[in-house]
Amino acid sequence: MSILVYAEHDNTQIKGATLNTIAAAKAIGGDIHVLVAGQNCGAAAEAASRIDGVAKVLVADNAAFAHQLAENVASLVAEIGKGYSHILAPATSNGKNFAPRAAALLDSQMISEISGVVSADTFKRPIYAGNAIATVQSSDAIKVLTVRGTAFDPVKAEGGSAAVEAVAGGKDVGVSKFVGEELAKSDRPELTAARIVVSGGRGMGSSDNFKIIEALADKLGAAVGASRAAVDAGYAPNDMQVGQTGKIVAPELYVAVGISGAIQHLAGMKDSKVIVAINKDEEAPIFQVADYGLVADLFTAVPELTKLV
Amino acid sequence: MKVLVAVKRVVDYNVKVRVKPDHSDVDLNNIKMALNPFCEIAIEEAVRLKEKGIAKEIVAVSVGPKEAQEQIRTALALGADRGILVETAEKVQPLGIAKVLKALVDQEKPDLIILGKQSIDGDNNQTGQMLAALAGVSQGTYASKVDVAGGKVTVVREIDGGLQTVEITLPAVVTTDLRLNEPRYASLPNIMKAKKKPLDVTTPDALGIDVKPRVATLKVEPPSERKAGIKVADVAELAAKLKNEAKVI
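These protein sequence lines are chains G and S, in that order.
So for the first sequence, this note's numbering puts the first residue at 15; every next one is plus one.
So for the second sequence, this note's numbering puts the first residue at 14; every next one is plus one.
In case anyone wonders, no lab produced these hints; they're calculated from the structure.
Hints may be right or wrong, so weigh each one.
[Stated by the list, open to error] If you want a taste of the chain G side facing chain S, the calculated C-beta under 8 Å gives, among others:
# : residue
1 : Met15
2 : Ser107
3 : Glu266
[Stated by the list, open to error] Only part of the chain G face toward chain S is listed, based on derived beta-carbon distances under 7 Å:
# : residue
4 : Glu195
5 : Lys199
6 : Asp201
If you're wondering where the values come from, they're calculated on a predicted model, not measured in any experiment.
Every residue gets a Cβ at the ideal spot worked out from N, C-alpha and C, and that includes glycine.
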């Protein structure tokens, strides 16, 4: 068995989600090859070769892959992937975009967002917004999977010394063009990779009031998140949304401030190691999943907590 | 321009599903079914394109049981012109659905195909991308803004960390994200009118498509429950617990 892992990277560095995906590949077992597709992505390929457990790194350096357009990437993955028993990609917005397209080109019924590996053909995955966990078995010769990062502990980024090999294949399919990107700039850690996350909900009352969440987050070195209610109310941008329709996080500490705890929010954070809830409504469902609940007015409690930590 | 919109019948998003005691599946007996929320957004976007004079005809299609006619009627009440149900008792998986939709695309030759990014039952997020692959056309997934002009679609996509804009060539597949639009409610007169709109019924067999599942569901279990912890009296106790007991700060 040999497994192809598609690397998420910015052409110079490998992104963390790749390390979780390689951990899932290790759980399946077999030779692990990492595919780095991009433009001028030699540094990222070098970094991939040092990842623990990687046998070989394939580099597809081509302008067609510069912006990870799904049409072009899927044509490459379907071509290279023919020789493998499994193709794995992180369940990031990029992986979710191209992997089904590659799977269809290979006539394989992909399995999305696996959260567990039972055997080489059997996997666990959440369905119904995480309200049920299905165990599913694939009968396809080439299994295409995306991997939910928070469900697998990352492998070490160092310690390996894999060979790096350039590969041809894939092309600019010519039906799509990258126009631009607007990424939120922040000095805080990335939401899905942060050790601590502090999130605000509708109880924050305004986007201005998110400053008290940010102050606590900065003191703790944490990322800032938001509930869908807070995003819909315009208090926070949508890339901060934690939940089934936003980001799935599982930090060591999750602090939910002014969040009632709708199912859709819980689906995005209930695998956190320690959950703290601060809410003035003692009946709020968030308290049913919180390790430490504090019934208090967040506008006094959060600044006080910021001073104490 | 002709727009094809695929819609799915799913459990109503307000219903909390439960797993059957024998762990064979979730229990859908006597549960309220509805149009998948992302599909509702897809229909709304098509209707807005028609209102702008860009789209001429909207065809709403679904692959599912006989009862899925209800969801097609909802799409017709929201503004689609006609419907096609590909009726099957099989629980068709995304690749099978994409193959059925590809057969309909060959028949109908739409310029634009709009789907929800995922359905809230299987949470697969695959069908649109698979259809684009099989039809050999471009894709604009997780759309939060769609502009159609001059044979191209400019799609603003919701991606990790922000937004990405791509320009894709028609014919194209677009999948909707939550913030693309706020769907309207169907008015009573439109619901009545929808009953008279044409709805064709066909089958995967008639289209020559094998929809047998490739992935077997062995077991469906409830997620591991978190136990509620303790309530702390004040901020000082909370900070102390986090430092000394949980040791996370």
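Do the hints match the structure? See the list:
Proximity of Met15/G to chain S is violated relative to the hint, the smallest CB-CB distance being about 19 Å (cut-off 8 Å). The closest approach between the C-beta of Ser107/G and any C-beta of chain S is roughly 4 Å, which is under the 8 Å cut-off, so the hint is satisfied. Taking 8 Å as the C-beta contact cut-off toward chain S, the hint placing Glu266/G at the interface holds, the least distance being around 5 Å. A cut of 7 Å between beta carbons decides the hint on Glu195/G: the least distance to chain S is about 5 Å, and the hint holds.
Interface hint status for Lys199/G: violated, as the beta-carbon distance to the closest one in chain S is roughly 9 Å, over 7 Å. The criterion of a C-beta within 7 Å of any C-beta in chain S is not met by Asp201/G, whose closest approach is roughly 14 Å, and the hint is violated.
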